[in-house]
Structure formats: C-alpha cells, structure tokens
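So the protein lines, in turn, are chains D and A.
Heads up: the first sequence is residues 1 to 447, going by my numbering.
Heads up: the second sequence is residues 1 to 223, going by my numbering.
Bear in mind the hints are in silico, worked out from the structure with no lab data behind them.
Fair warning: there could be bad hints in the mix.
For the chain D half of the interface with chain A, some residues (derived, Cβ under 10 Å), not all of them [said to hold, decoys possible]:
(1) 191
(2) 194
(3) 265
(4) 320
(5) 411
Label-pair ranges, simulated between beta-carbon atoms [said to hold, decoys possible]:
(6) D:443 / A:124: 39 to 47 Å
(7) A:21 / D:322: 53 to 61 Å
(8) D:280 / A:120: 56 to 64 Å
(9) A:92 / D:369: 43 to 51 Å
(10) D:443 / A:92: 30 to 38 Å
(11) D:443 / A:119: 39 to 47 Å
(12) D:292 / A:92: 53 to 61 Å
Quick reminder that beta carbons are idealized off the backbone N, C-alpha and C, glycines included.
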Amino acid sequence: MLAKLRRWPISVRMLVSALVLVLLVLPLAGTLLAWNFREAVNASFNDRLDSLLNVLIAGIEYQPGSEPPLHNPQLGDPRFDRVYSGWYWQIQLGDDRVLTSRSLWDQRLSEARATNRRSREVTGPRGQTLRVLEQRVQLGSFSDPINVAVAADLSEVREEVSRFQALLTVSLATLGGLLLVMFGLQIRWGLAPLRRIERSLREVESGQRSALDTDLPEELAGMARTMNLVLERDQVLIERGRATAGNLAHALKTPLAVLHTQVETLPEAQRSSFQKELHRLNDAVRHHLARASTAGPPAFGPGLEVVDALAPVIQGLTMLAKRRGIRFEYRMGCLSPTRFEQQDLQELVGNLLENALNWAKQSATLDVVQGPDSLTIEVNDDGPGMSDEDCQRALERGGRLDEARSGSGLGLSIVKDLVQLYGGQLSLGRSDLGGLKVIAQFPTRAP
Amino acid sequence: MKILLVEDDTALAEGLCASLKDAGVLVELAGDGRTADFLVSTERYDAVVLDLGLPDGNGAQWLSGWRERDIDLPVLILTARERWSDKAAGFSAGADDYVTKPFETAEVLFRLRALVRRAHGHAHPVISVGDLTLDTHAGQVSRSGMPVSLTAQEFRLVSHLIQATPRVVSRTELSEHVYDGDQEPDSNVIDVQVSRLRRKLGNHTIETLRGQGYRITAGEDSR
Chain D
1 MLAKLRRWPI
11 SVRMLVSALV
21 LVLLVLPLAG
31 TLLAWNFREA
41 VNASFNDRLD
51 SLLNVLIAGI
61 EYQPGSEPPL
71 HNPQLGDPRF
81 DRVYSGWYWQ
91 IQLGDDRVLT
101 SRSLWDQRLS
111 EARATNRRSR
121 EVTGPRGQTL
131 RVLEQRVQLG
141 SFSDPINVAV
151 AADLSEVREE
161 VSRFQALLTV
171 SLATLGGLLL
181 VMFGLQIRWG
191 LAPLRRIERS
201 LREVESGQRS
211 ALDTDLPEEL
221 AGMARTMNLV
231 LERDQVLIER
241 GRATAGNLAH
251 ALKTPLAVLH
261 TQVETLPEAQ
271 RSSFQKELHR
281 LNDAVRHHLA
291 RASTAGPPAF
301 GPGLEVVDAL
311 APVIQGLTML
321 AKRRGIRFEY
331 RMGCLSPTRF
341 EQQDLQELVG
351 NLLENALNWA
361 KQSATLDVVQ
371 GPDSLTIEVN
381 DDGPGMSDED
391 CQRALERGGR
401 LDEARSGSGL
411 GLSIVKDLVQ
421 LYGGQLSLGR
431 SDLGGLKVIA
441 QFPTRAP
Chain A
1 MKILLVEDDT
11 ALAEGLCASL
21 KDAGVLVELA
31 GDGRTADFLV
41 STERYDAVVL
51 DLGLPDGNGA
61 QWLSGWRERD
71 IDLPVLILTA
81 RERWSDKAAG
91 FSAGADDYVT
101 KPFETAEVLF
111 RLRALVRRAH
121 GHAHPVISVG
131 DLTLDTHAGQ
141 VSRSGMPVSL
151 TAQEFRLVSH
161 LIQATPRVVS
171 RTELSEHVYD
181 GDQEPDSNVI
191 DVQVSRLRRK
201 LGNHTIETLR
211 GQGYRITAGE
221 DSR
C-alpha cells in the first residue's frame with residue numbers, strides 16, 4: 001500500500017491534498033461561523049427581552065391608592081396585541097391579580113418568583129418554546145412584590161440561525177467547489193511543464209527527436225539539459241569505445257600479422273607451437289575487442305529498419321560470394337522496425353554469413369523472418385557442418401565455438417555473445433543444404 | 001602472376017613479400033596510397049593486395065578512386081579492423097575479397113589465385129587446355145595427368161598463357177605479368193624460355209604468332 005502510494009501521480013497527490021484541505025477547513029470554518037452567529041443572535045434576543053422588561057417595569061404606573069396600578073404599557077410592538085403571537089408579557093400582583101398582554105389572551109405564564117432577573121425556557125400556549133425573562137420588583141406602596149415577565153418565541157431565533165446555517169452551508173459548499181476547480185486548474189497549469197518533459201522523453205524514446213525540449217521552467221530546464229548531456233555522452237561513449245577498439249585492433253594486428261608471416265618461415269617443429277600461441281592471442285584480441293565494440297539494445301531511438309541496416313553487409317557478401325564462386329541467396333520478408341543497434345546487427349549477420357561463406361562449397365543462404373513476436377535469422381551452408389556433439393558443446397554456457405570449429409569459427413562466438421546480449425536464442429543444427437544451420441531468434445517486444 | 005602489395009608496415013610487407021615470392025608470385029611494393037595510385041595507373045598487375053590503414057588516407061578511399069577511373073583489376077583487402085561496418089565500407093569502395101590480419105600466407109595466396117582466375121573468366125580452380133592442366137590452387141601444371149616440374153618464372157609464364165587461352169598474349173603483356181619490373185627481358189629471353197617450355201610440355205603446345213605473340217594450342221596439337 002505504501003509502495004503504491006509512492007507511485008501515485010503528482011497530480012493525484014496534489015488533488016487529494018487539496019480535497020483534504022477543503023474538506024477539513026471549510027466545515028471547521030462553517031461550524032465556527034455558525035456557533036458565533038448563534039451566540040450573537042441569542043445575545044441580541046436576550047438584550048431585546050432585557051430592554052422590553054425594562055420598558056415594562058418602567059411603565060408600571062405607581063398611583064398610591066389605586067389598586068391595581070393602572071397599566072397599559074406601550075411596548076411598541078404589535079405582536080404583543082396579536083393573540084398567541086409568541087410575544088407576551090405578564091405582570092402579577094400578589095396571588096390573584098394578573099395583568100397580561102392581549103396576545104396572551106386567557107393563558108398565563110408560569111412564575112419562577114425569583115428576586116433577580118433571570119431567564120428560563122418554558123412551553124407556551126401553542127406549544128412554542130418561549131424564553132421568559134422575569135423579575136420581581138418591590139414597589140413602595142405594595143405589600144406584595146410584583147412579578148414582571150416578558151416572553152418571546154425562541155423559534156424566531158432558531159429560524160434565523162437555521163436560515164443562516166443553510167445559507168452558510170450553500171456558500172461554503174460553493175466555495176469548496178470553486179476552490180477544488182481552482183486547485184485542479186492550478187495543478188494542470190503548474191504541472192504542464194512536467195507533462196511536456198514527459199512527452200518529450202517519450203519522443204526521444206521513440207526516436208522522433210534526438211534531445212529533450214529545454215524550453216521549460218528554470219527548475220526543469222536544468223534537468224532536461226543534464227539529461228541531454230547524458231544522452232549525448234552515451235552515444236559519444238559507444239562511439240569512442242568502438243574507435244578505441246578499432247585502433248587497438250589495428251595497432252595489435254599488424255604486429256601479429258608480421259609475427260605470423262615470420263613464424264611461417266620457421267622449421268616445422270617450432271612453427272606449430274608458435275602458431276598455436278599466436279592463434280590464441282589473436283582469438284583473445286578479437287573476442288574482447290568485439291565485446292568492447294558491442295553497444296547492446298538501444299534504450300532510445302526509433303526501431304531499426306533491418307533491411308536498410310543489412311544492405312551494405314549483404315551487398316559486400318554478395319560480391320564476396322560471387323568472387324568465391326558460391327551461390328548466395330537471401331530472403332528478407334516484410335520486417336517491422338526492431339530494437340537493434342545497427343552495427344550490432346551488421347556484426348551478427350556479417351559474422352554468421354562470413355562463416356557460412358568460408359565453409360560453403362557451393363551455396364549459402366540467409367533468411368530473415370518476422371514472426372508475430374520474434375525475429376528469426378537463419379543461415380545455411382553446404383559446407384562440412386558440425387556434429388551434434390560439437391553443436392551441443394558450442395552452445396553450452398562458456399563453451400567456446402572456436403574449439404568446435406577452428407579458424408574463422410570465432411565469428412560464431414561473437415554471434416553467441418550478441419545473441420545473449422539481445423536476449424535471443426541461438427541454435428545450431430544440420431542444414432537441408434548439407435552443412436551447418438544457424439538460427440538466431442530474438443523476441444521483438446521491447447526488452 | 002604479378003601483384004602490387006600496398007602495405008605501410010615494412011616488416012609485414014617484407015614478410016608477406018618473401019612468402020609470396022616463394023610461392024612464385026611476382027610482388028611489387030608500395031608503402032603508401034600515393035605510390036600505389038601511381039603504380040596501378042602506369043603498370044600492369046594481375047591483382048592488388050591493399051591494406052586499409054595507410055599513412056596517407058584510408059585504403060578504401062584510394063580504391064574507390066581507382067574504380068572511378070575504371071581500373072578494374074582485382075583487389076584483395078588486408079584489414080586489421082574486423083567490424084562489419086569497416087568491411088562493408090571496403091566492399092562498397094570496390095574490393096573483391098578481404099583477408100583479416102593476422103593471416104596465413106596460404107590464405108592470401110588462395111584468395112589471390114581465385115581472384116586472378118576469376119578475372120580471366122574461369123570459375124573452376126582447375127583449368128584444362130587439351131592435355132595441359134593448370135591447378136591454380138596447388139600451383140601445379142600437369143601434362144596428361146603427370147605433374148611437370150617448372151621454375152617459378154616458367155610456371156608464371158605458362159599459367160598466364162593457360163589462363164588467357166584462347167586469347168593471343170603479346171610479348172609486352174607477358175613481360176609485364178611474368179617478369180619483375182627491374183629485370184625487364186629483351187624478346188630473346190622470352191623466346192628462350194618459351195622454347196624451354198616447349199621441351200617440357202610438348203613441341204606444339206605453345207604457338208608463336210609472328211608480330212602478335214603466343215598462345216597455347218595444346219588442343220590442336222593432339223589432332
């Protein structure tokens with residue numbers, strides 16, 4: 001799971017973190033806002049009740065001798081006159097004398113008879129939840145304290161709060177949606193250079209371009225430039241390796257050739273041991289120089305057109321076969337581009353055919369066949385061929401083909417290395433022509 | 001058979017030169033491309049052995065220059081570079097065959113003989129004219145199946161005549177292909193040698209056509 005998380009695309013990561021942010025912050029902000037608003041609305045409701053109670057108390061006219069005290073308080077709110085409107089007041093003198101707002105009609109508010117002003121919640125005449133603020137006041141002439149109360153419907157507050165909450169929810173949800181869209185756009189725009197570099201890499205990989213596009217933001221341009229340097233260096237290294245191998249071959253082989261010609265003039269007895277050592281030396285040089293010149297399957301670049309790549313080799317070998325009086329036929333079907341390095345393929349086919357032409361009596365053939373998921377190169381000759389045992393031994397791991405087939409047979413050893421490097425399979429057998437049949441088969445899916 | 005050996009490494013050139021001479025091949029040496037270029041346009045050779053790594057440019061470049069000038073003599077390439085990209089360059093420059101260094105003299109000789117034989121239009125290594133047989137591989141002339149013992153120069157002369165059959169070979173051509181450049185013979189020497197050959201091969205084998213040259217008539221001789 002952790003490993004999977006690590007492979008999440010950057011855009012998904014950013015979107016997920018944005019989503020988490022929006023989902024955490026917006027509800028939190030909403031809750032805080034709603035709570036504050038409810039507090040504020042509650043406070044202003046209480047203030048209003050408070051001031052209404054003050055007005056009510058101040059409106060109690062104190063006329064000594066008149067019982068009960070005249071009262072028709074003008075609270076300035078018509079709801080106190082509308083029956084069961086939810087807004088009520090009540091003044092109680094003693095136990096049985098009660099003055100109420102018209103809205104209360106025949107109902108009465110229960111009393112708490114507290115000295116201090118206090119509020120509580122009761123159920124009103126119509127089942128409404130009322131907030132009652134009441135106070136006991138002592139007017140001079142009255143023996144009994146007067147209980148004054150104001151009540152208002154709490155549902156008004158609740159409605160206001162829930163209206164606010166609904167509005168808040170809608171606003172925050174809209175905001176959240178907008179934020180996510182903005183985040184999405186930001187990610188798209190912000191990551192666009194990354195996508196460009198990825199596309200550019202793919203183009204390099206498929207050979208549509210040779211270097212990465214460096215027209216990028218500063219952070220990436222540096223990286224792209226470095227990548228280009230690496231790509232370039234890769235090619236330079238291969239070429240330099242080949243040049244060095246070539247020069248070394250030249251430097252080593254001319255003296256070797258001199259030794260060879262001089263050894264030939266020695267008496268028979270000494271000659272063979274010198275020649276054996278010279279052959280060993282030459283085989284080692286050839287083998288290792290061939291390895292040093294091998295590039296291996298290219299990571300980048302378009303597939304190689306096999307027919308085009310082989311054309312110069314085939315042309316040379318056709319000429320060679322003609323000069324040597326050997327009938328050489330080659331058949332190459334319709335071949336799709338293959339992930340082969342040009343010189344490696346030339347080396348492979350060149351060595352196979354050279355071998356065949358060196359051993360053939362009259363004819364040699366080359367067939368290159370494209371299978372559904374493999375490329376098969378088959379070379380046949382009508383030479384002496386190899387025994388099954390020799391074929392077996394030659395194919396064994398570490399088995400040196402030149403032991404099985406001396407002289408220019410080392411070519412097969414180079415072929416074996418190449419086939420292995422390209423993940424192919426090499427098989428040797430008896431040809432229908434009478435000589436050796438060599439089949440090299442390569443998987444054509446990208447390695 | 002007379003060949004031009006183009007090789008800048010003196011030790012190799014001298015060694016190969018000596019071995020080829022032992023096998024009866026006339027060899028002239030050129031140490032660089034410029035000299036070789038001069039020689040192939042002024043002298044007659046049966047073949048050229050050309051090293052690809054020359055001090056004054058790649059052998060392949062000199063070769064393609066010759067081919068452009070219609071110098072079509074057989075060219076055997078000597079190369080130290082075994083990569084097929086190098087070999088292919090040699091072939092596209094117009095090489096006929098190649099031998100990689102290090103090599104056995106026998107292989108060079110084998111390839112050279114095959115090239116010269118084919119240049120004369122013979123596909124098979126054994127050429128017969130009447131009762132005369134030339135085995136180009138073995139470097140042997142036989143008469144009615146019996147090997148004839150010949151000196152190197154005699155062999156060169158008769159093998160050139162046999163390979164050229166039925167063409168008439170002029171004295172100039174013979175002197176160019178059979179004798180070393182620095183010991184160019186007067187016509188007497190050739191006449192003497194031809195009559196010695198007649199003794200060895202049979203009186204009527206070599207016909208002299210006055211003012212034109214020589215040709216092998218072994219087939220007609222038996223009639």
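Hint check results:
This hint is violated: residue 191 of chain D has a C-beta 44 Å from the nearest C-beta of chain A, more than the 10 Å allowed. A distance limit of 10 Å between C-beta atoms decides the matter here; for residue 194 of chain D the minimum to chain A is near 40 Å, and the interface restraint is violated. For residue 265 of chain D, the interface hint holds, since its Cβ comes within 10 Å of a Cβ in chain A; the closest pair sits about 7 Å apart. Taking 10 Å as the C-beta cut-off, the interface hint given for residue 320 of chain D holds, the closest approach to chain A being about 6 Å.
For residue 411 of chain D, the suggested interface contact is upheld, since its CB lies about 9 Å from the closest CB of chain A, less than 10 Å. For residue 443 of chain D and residue 124 of chain A, the Cβ-Cβ distance of about 45 Å falls inside the hinted range of 39 to 47 Å, so the restraint holds. Here the CB-CB span from residue 21 of chain A to residue 322 of chain D is close to 29 Å, at odds with the stated 53 to 61 Å. At roughly 39 Å, the beta carbons of residue 280 of chain D and residue 120 of chain A sit outside the given window of 56 to 64 Å.
A hinted range of 43 to 51 Å for the beta carbons of residue 92 of chain A and residue 369 of chain D is inconsistent with their spacing of about 26 Å. Here the CB-CB span from residue 443 of chain D to residue 92 of chain A is close to 32 Å, well matched to the stated 30 to 38 Å. Distance hint check: the CB atoms of residue 443 of chain D and residue 119 of chain A are about 46 Å apart, consistent with the given range 39 to 47 Å. At about 25 Å, the beta-carbon gap between residue 292 of chain D and residue 92 of chain A misses the expected band of 53 to 61 Å.
Hint compliance for this structure: hints 1, 2, 7, 8, 9, 12 are not met, and every other hint is.
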